[in-house]
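What follows is the residue order along each chain.
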Amino acid sequence: MFAGLSLDQAPPFRAPLKFFLTAPIFALISGIFVIFNSDLQIHSPSTIAIVHLLTIGFMVMIVFGALQQMLPVVAGAVIPNPMFIANTTYILLVFGLVTFVIGFFFYGKLLFFLSGFFLLLGLCLFVFVSIFQLLKVKNKSWIVLGMILSLSFFIIAFLVGIYLLISHGMGDLSSYHYDVVSLHYNYIFFGFIFLLIVSITFQVVPMFWVTDSFPQNQQKYLLLLTLVILFLYGINTFMQFHFDIYYKILISGLVFYFGYITINKLQNRKRKLKDISVYFYTTSMIFLIFGTIYWLCLEFYDLSLIPLGILWGLGFVYTVMNGMLYKIVPFLTWFHLSSKGMFDIPTIREMISIKQSQMQFNLHLVTVLFLLVGFSFESDYLIKYGAIFFVISNGLLFINLIKSAKIFLVRF
Amino acid sequence: MYDEIILDCRELEAPEPLNLAVANLMNISDNKYIKMIHRIEPMMLFTILKENNYGYIIKHIQGEVIIYIYKENEKIKEYIQCLQD
Chain A
1 MFAGLSLDQA PPFRAPLKFF LTAPIFALIS GIFVIFNSDL QIHSPSTIAI
51 VHLLTIGFMV MIVFGALQQM LPVVAGAVIP NPMFIANTTY ILLVFGLVTF
101 VIGFFFYGKL LFFLSGFFLL LGLCLFVFVS IFQLLKVKNK SWIVLGMILS
151 LSFFIIAFLV GIYLLISHGM GDLSSYHYDV VSLHYNYIFF GFIFLLIVSI
201 TFQVVPMFWV TDSFPQNQQK YLLLLTLVIL FLYGINTFMQ FHFDIYYKIL
251 ISGLVFYFGY ITINKLQNRK RKLKDISVYF YTTSMIFLIF GTIYWLCLEF
301 YDLSLIPLGI LWGLGFVYTV MNGMLYKIVP FLTWFHLSSK GMFDIPTIRE
351 MISIKQSQMQ FNLHLVTVLF LLVGFSFESD YLIKYGAIFF VISNGLLFIN
401 LIKSAKIFLV RF
Chain B
1 MYDEIILDCR ELEAPEPLNL AVANLMNISD NKYIKMIHRI EPMMLFTILK
51 ENNYGYIIKH IQGEVIIYIY KENEKIKEYI QCLQD
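Sequence order for the protein chains is A and B. By the numbering used here, the letter at position 114 of the first sequence is numbered 114, and the numbering carries on one by one without gaps. By the numbering used here, the letter at position 65 of the second sequence is numbered 65, and the numbering carries on one by one without gaps.
FYI, nobody ran anything at the bench for these hints, they're computed from the structure. Since the structure is predicted, the reported quantities are computational estimates derived from the model, not experimental observations. Be careful, since some hints might not be right.
Distance condition first, Cα-Cα at most 20 Å in a straight line; then the derived PhoX-like pairs of lysine-lysine [to be verified]: (1) B:Lys71 - A:Lys138; (2) B:Lys75 - B:Lys50; (3) A:Lys340 - B:Lys50; (4) A:Lys136 - B:Lys75; (5) A:Lys265 - A:Lys220; (6) B:Lys50 - B:Lys32; (7) B:Lys59 - A:Lys140; (8) A:Lys140 - B:Lys32; (9) B:Lys32 - B:Lys71; (10) B:Lys59 - A:Lys138; (11) A:Lys272 - A:Lys138.
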């Protein structure tokens, strides 16, 4: 079909693919650690290690893989020297994460500095290259601006994270330490992840699931209001104003609105074919809303923070990324095969069987429920079973993705 | 006068619109262009068109995106720009 056409602008398939295939492996390892770990308190070193296996090992890996592919799709921009940037970032991330995890498990201070160095290089390299390419785009859409904002928050949150890591390394935790930790969490979650998912949702929901596009005003106000609220929260933290409750109410309003409009779009899609990625997307929005309600409740009741991490982390972020992988990897397989003149290939719906992805969706849902109930009622039994389901779910995710990727890899 | 190939992609999911547009590129000529009706701006298609020396004009009409694709030629470009949709 593409015979005679130049498609050099698309990054090579192997550039984002390694990120997509490594992510479930790190998630699987985090599940194994949960199975064999007895200390799962919120700020314990082993919990920090496990959380970062998911945030950096799964989420950042997926985000970086997806960004390599999303830049041409949303902005017509391409990362220059894609294989060099992808390989360098990948190696630095893997080294950084491994030293980070070992460092926290054994509390090895030298390893904190090493991991800080590797992660700083890897994350900054990729983020700065991406922001630079996005800034070069003429006539920036709200989607492009949203991605720039999101990556900017990532840089701020990351620098705050490095400060926290060095504090641990030097054994010098200030009296403001946990306020700064809170700023780090909020800027990572709302500034980086939430803004990025909002921006990408504006692009991929109409594109992959045949819905009307999100109105420009809706895009503009959601992004700008989130920016303003997060900026004010930063001032609140540094000036110690203690206006946190107002911040929470305002940003929750935006989150509820985003969850509602996204579910509404998916429910009213024009082609209502059975598609497991829709289940993932809708479920993630439901967990986002429940998580935010729980977050608000924390102001009034003395509740554990761990269920919040599960609702937002696993329920929202992980679920939405898992769902997107089922669209992105088959799409890329199809695109790169077509662009090489291969015609005798399965359609993207046929690359991963609905039965297998449905099974993985069910496993994932059971995982979230077991962990949620397990941590809420402090049941070790349910937590360990939840972790076992999580390990199996990620193994199956890896197998499903590799099936699709192999259609390309066996030919080239 | 010019002939028009209409590609209605409003109810097609990715990558079908891209597929359809690229498959129809070989059918356009100095006297024939593509009118693609879409929900969103297909950025990857634009990059492919630019790389392969096809021209395109985008119009936003009542929440829909109309993309005209033609072989680089000033006359056809002027004709499309003057079209009332």
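Query raised in the report: Are the Cα positions of Lys71 of chain B and Lys138 of chain A separated by 20 Å at most?
Result: 23 Å, violated
Query - Hint consistency between Lys136 of chain A and Lys75 of chain B [alpha-carbon to alpha-carbon, up to 20 Å] - result: 31 Å, violated
Query raised in the report: When you check the alpha-carbon spacing of Lys32 of chain B and Lys71 of chain B, does it fall within 20 Å?
Result: 8 Å, holds
Query - Agreement of Lys272 of chain A and Lys138 of chain A with the hint, judged by alpha carbon distance not exceeding 20 Å - result: Violated - the C-alpha atoms of Lys138 of chain A and Lys272 of chain A are around 35 Å apart, more than 20 Å.
Query raised in the report: Is the hinted pair Lys75 of chain B and Lys50 of chain B satisfied, with a Cα-Cα distance of at most 20 Å?
Result: Cα-Cα ~18 Å, so holds.
Query raised in the report: For the pair supplied as a hint, Lys59 of chain B and Lys138 of chain A, is the alpha-carbon distance within the 20 Å limit?
Result: 17 Å, holds
Query raised in the report: Quick one, are Lys50 of chain B and Lys32 of chain B close enough, alpha carbons at most 20 Å?
Result: 18 Å, holds
Requested in this report: Could you grab the alpha-carbon distance between Lys59 of chain B and Lys140 of chain A and see if it respects the 20 Å cut-off?
Outcome: 17 Å, holds
Query raised in the report: Given the hint that Lys265 of chain A pairs with Lys220 of chain A, does the C-alpha gap stay at or below 20 Å?
Result: 17 Å, holds
Query raised in the report: Going straight from one Cα to the other, do Lys340 of chain A and Lys50 of chain B come out at no more than 20 Å?
Result: Distance ~18 Å between Lys340 of chain A and Lys50 of chain B Cα, so the pair holds.
Report task. Mind checking the alpha carbons of Lys140 of chain A and Lys32 of chain B for me, to see if they're no more than 20 Å apart? Result -> The hint is violated at about 31 Å.
The structure fails hints 1, 4, 8 and 11 (numbered hints given earlier, in ascending order).
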